[in-house]
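Q: Build the full structure now, drawing on both the sequences and the hints.
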Amino acid sequence: MTAPHALSLQDVTCTFISRDDRSQRYTAVRDVTLHVAPGEFVSVVGPTGCGKSTLLNVAAGLLSPSSGSVHVFGEPLQGINTRAGYMFQAESLMPWRTALQNVMAGLEFRGVPPAEARAQAEDWLRRVGLGAFGDRYPHQLSGGMRKRTSLAQTLVLDPDIILMDEPFSALDIQTRQLMENEVLALWAEKRKAVLFITHDLDEAIAMSDRVVVMSAGPGSHPIGEFTIDLPRPRDVAEVRVTPRFVELHQAIWGVLREEVLKGYQQQLAA
Amino acid sequence: MWRHIQPNARNLRVWQVGLLVAVFVFWHVMTKPGLIPPFLFDNDDQAAFFFGEPLKVFERIWNWFFVAADIYGHLWITLLETLLAFGIGTVMGLAMGLWLALSPMAAAILDPYIKALNSMPRVILAPIFAVWFGLGVASKVALGITLVFFIVFFNVYQGVKEVSPVVLANARMLGATQKQLLRHVYLPSATSWVFSSLHTSVGLAFVGAVVGEYLGSSSGVGYLILQAEGSFDINTVMAGILVLTIFALVLDEVVGWVERRLMKWQPRSGETEKL
Chain A
1 MTAPHALSLQ DVTCTFISRD DRSQRYTAVR DVTLHVAPGE FVSVVGPTGC
51 GKSTLLNVAA GLLSPSSGSV HVFGEPLQGI NTRAGYMFQA ESLMPWRTAL
101 QNVMAGLEFR GVPPAEARAQ AEDWLRRVGL GAFGDRYPHQ LSGGMRKRTS
151 LAQTLVLDPD IILMDEPFSA LDIQTRQLME NEVLALWAEK RKAVLFITHD
201 LDEAIAMSDR VVVMSAGPGS HPIGEFTIDL PRPRDVAEVR VTPRFVELHQ
251 AIWGVLREEV LKGYQQQLAA
Chain B
1 MWRHIQPNAR NLRVWQVGLL VAVFVFWHVM TKPGLIPPFL FDNDDQAAFF
51 FGEPLKVFER IWNWFFVAAD IYGHLWITLL ETLLAFGIGT VMGLAMGLWL
101 ALSPMAAAIL DPYIKALNSM PRVILAPIFA VWFGLGVASK VALGITLVFF
151 IVFFNVYQGV KEVSPVVLAN ARMLGATQKQ LLRHVYLPSA TSWVFSSLHT
201 SVGLAFVGAV VGEYLGSSSG VGYLILQAEG SFDINTVMAG ILVLTIFALV
251 LDEVVGWVER RLMKWQPRSG ETEKL
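If you're matching them up, the sequences are chains A and B in order. Straight run, no breaks: the first sequence in the working numbering ends on number 270. Straight run, no breaks: the second sequence in the working numbering ends on number 275.
No lab work stands behind these hints: they were computed from the structure. Since the model is a prediction, treat every value here as computed from it, not as a measurement. Some hints here could point you the wrong way.
[Said to hold, decoys possible] Pulled from the structure, derived: some chain A residues nowhere near chain B, Cβ distances all over 10 Å:
1) THR82
2) ARG110
3) ALA119
[Claimed, not checked] Sample of chain A residues at the chain B side, in silico, Cβ under 10 Å:
4) GLY74
5) GLN78
6) GLN89
7) ALA90
8) ARG97
9) LEU157
[As the list claims (entries may be wrong)] Cβ pair distances, simulated, as ranges:
10) B:MET92 - A:ASP20: 33 to 43 Å
11) B:VAL166 - A:ARG244: 17 to 27 Å
12) A:SER23 - B:MET92: 36 to 46 Å
13) A:ASP123 - B:HIS4: 37 to 47 Å
The beta-carbon is built from N, C-alpha and C at its ideal position, and this holds for glycine as well.
A: Take a look at the structure:
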């Protein structure tokens with residue numbers, strides 16, 4: 001038998017019921033099967049509103065699926081996925097804690113002695129280039145700096161699985177490419193399993209080992225899977241102009257395009 | 001000329017003090033017997049009788065604080081009542097607010113009762129409290145608590161309900177237990193709401209204390225005012241009101257100071273410096 005997947009979703013379906021009217025249902029994802037091997041970087045792309053975030057919440061254990069199962073390193077997942085770190089799309093830092101205290105939070109929750117937690121947190125802040133900003137509150141940091149802090153906050157716990165929900169979508173293109181390269185460098189060092197959600201195909205191809213394309217919602221499910229055989233280490237800006245990247249982009253876009261249009265039509269009709 | 005005295009950030013205080021002085025001068029001119037011919041009342045002394053005279057009011061205050069020095073005991077009693085009502089009411093409101101916000105079922109059951117209690121005019125409870133707790137400090141504290149509790153309670157409840165779901169989910173992913181969530185997420189998030197309510201509730205604790213004293217007591221500033229009213233000593237009544245007002249301002253300032261120290265993580269707009 002082969003080694004268990006770091007993360008495996010088997011036939012996961014999530015149906016939401018409207019709180020006001022119980023007959024109103026919405027199936028965000030239907031029969032999704034998705035595996036992430038240890039050390040593999042997998043991206044999920046799809047049109048807006050296709051339930052990508054739902055999938056990630058299921059993997060994190062924040063949301064239990066209506067049907068189907070989730071396994072983490074072969075064990076069925078119950079409650080919060082303690083082996084995963086989650087980088088959210090929206091602002092997730094605690095505004096009443098400084099950057100350093102935010103990075104320390106997870107260690108503190110786990111009962112690491114304060115002195116040690118502080119040393120580790122300071123080390124990670126330095127690694128994301130914020131060594132001098134530890135005593136700033138989130139509102140005193142720029143958007144990119146807050147994302148870096150979030151990254152340090154997630155990685156300081158040394159999770160075996162990293163879940164990322166469009167973490168850089170709010171950043172400008174330059175900051176974004178810098179952050180993408182930083183994440184790739186950090187990932188290359190530790191080789192964790194990564195499940196990366198994005199709507200940006202360029203970003204997905206540039207960073208991943210594998211790209212999974214989701215159909216438009218409702219009842220969204222994977223409709224294509226592409227192995228990205230671009231050599232590593234990659235620079236996200238440079239890799240975009242290589243012929244192989246363009247080839248892959250065309251192949252994936254061919255599948256994705258129709259779904260994007262479908263999703264767009266649905267939004268117009270709604 | 002106008003350019004130099006028109007209100008701006010620098011002479012703000014001057015304008016504030018000037019306004020106060022103007023009010024007192026107006027009061028003085030209108031009430032001092034013999035200064036201007038009476039035009040509202042039949043004779044010279046009536047304006048002073050109804051509205052008091054600022055100079056006599058100040059004399060009264062001076063006498064209280066420095067000559068007879070007999071107000072400190074009363075002030076202390078009022079302060080004690082205010083602080084006790086404020087402290088106990090805030091802690092109760094905080095505890096109850098956290099509990100109900102985190103257990104929706106209990107909140108659903110108690111909802112009509114809380115609304116009913118809150119809409120009840122609580123000042124009418126003062127005589128009942130006087131019967132239950134006597135004419136001493138306890139009955140005033142009880143009245144103050146009924147006023148403070150609801151303000152803090154509703155704000156904490158709202159504060160906990162409005163915790164950012166993303167921050168909450170993030171803390172859970174970082175491994176926070178239920179207790180740690182309460183301590184590190186719900187409570188800090190609710191404090192910003194609590195502090196905005198504390199300005200109101202410290203004032204209400206004060207109202208509770210003074211109204212309680214006014215309705216039946218043997219000490220406190222409210223009692224002084226009641227005594228003076230009994231003998232139509234309008235100057236002492238005004239002096240009492242002035243002392244209470246200054247007292248309330250000081251309390252509010254203290255709350256503001258604590259707030260600024262504890263809430264420094266909150267963003268403030270426009271922090272740039274004009275050069």
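Q: Look at each hint and say if it fits the structure.
A: We went through each hint and held it up to the structure:
1. For A:THR82, the shortest C-beta to C-beta distance to chain B comes to about 7 Å, within the 10 Å cut-off, and the non-interface label is violated.
2. Not every CB of chain B lies more than 10 Å from the CB of A:ARG110, the least distance being 5 Å, so the non-interface label is violated.
3. Taking the minimum C-beta to C-beta distance to chain B, about 18 Å, the non-interface status of A:ALA119 holds against the 10 Å cut.
4. The criterion of a C-beta within 10 Å of any C-beta in chain B is not met by A:GLY74, whose closest approach is roughly 21 Å, and the hint is violated.
5. Interface hint at A:GLN78: violated, since its Cβ lies 14 Å from the closest Cβ of chain B, which is beyond the 10 Å cut-off.
6. Hint status for A:GLN89: holds, given a least beta-carbon distance of 8 Å to chain B, under 10 Å.
7. This hint holds: A:ALA90 has a C-beta 5 Å from the nearest C-beta of chain B, less than the 10 Å allowed.
8. Checking A:ARG97 against chain B by beta carbon gives a least distance of about 7 Å; that is within 10 Å, so the hint holds.
9. A least Cβ separation of about 7 Å between A:LEU157 and chain B falls short of the 10 Å threshold, and the interface hint therefore holds.
10. Remark: the range hint 33 to 43 Å for B:MET92 to A:ASP20 is upheld by a beta-carbon distance near 34 Å.
11. Between B:VAL166 and A:ARG244 the CB atoms are about 37 Å apart, so this pair departs from the stated range of 17 to 27 Å.
12. Between A:SER23 and B:MET92 the beta carbon distance is about 42 Å. The supplied range of 36 to 46 Å therefore holds.
13. In this structure, A:ASP123 and B:HIS4 break the distance hint of 37 to 47 Å, their C-beta atoms being roughly 57 Å apart.
Taken one by one, the earlier hints fail for this structure at numbers 1, 2, 4, 5, 11 and 13, listed in ascending order.
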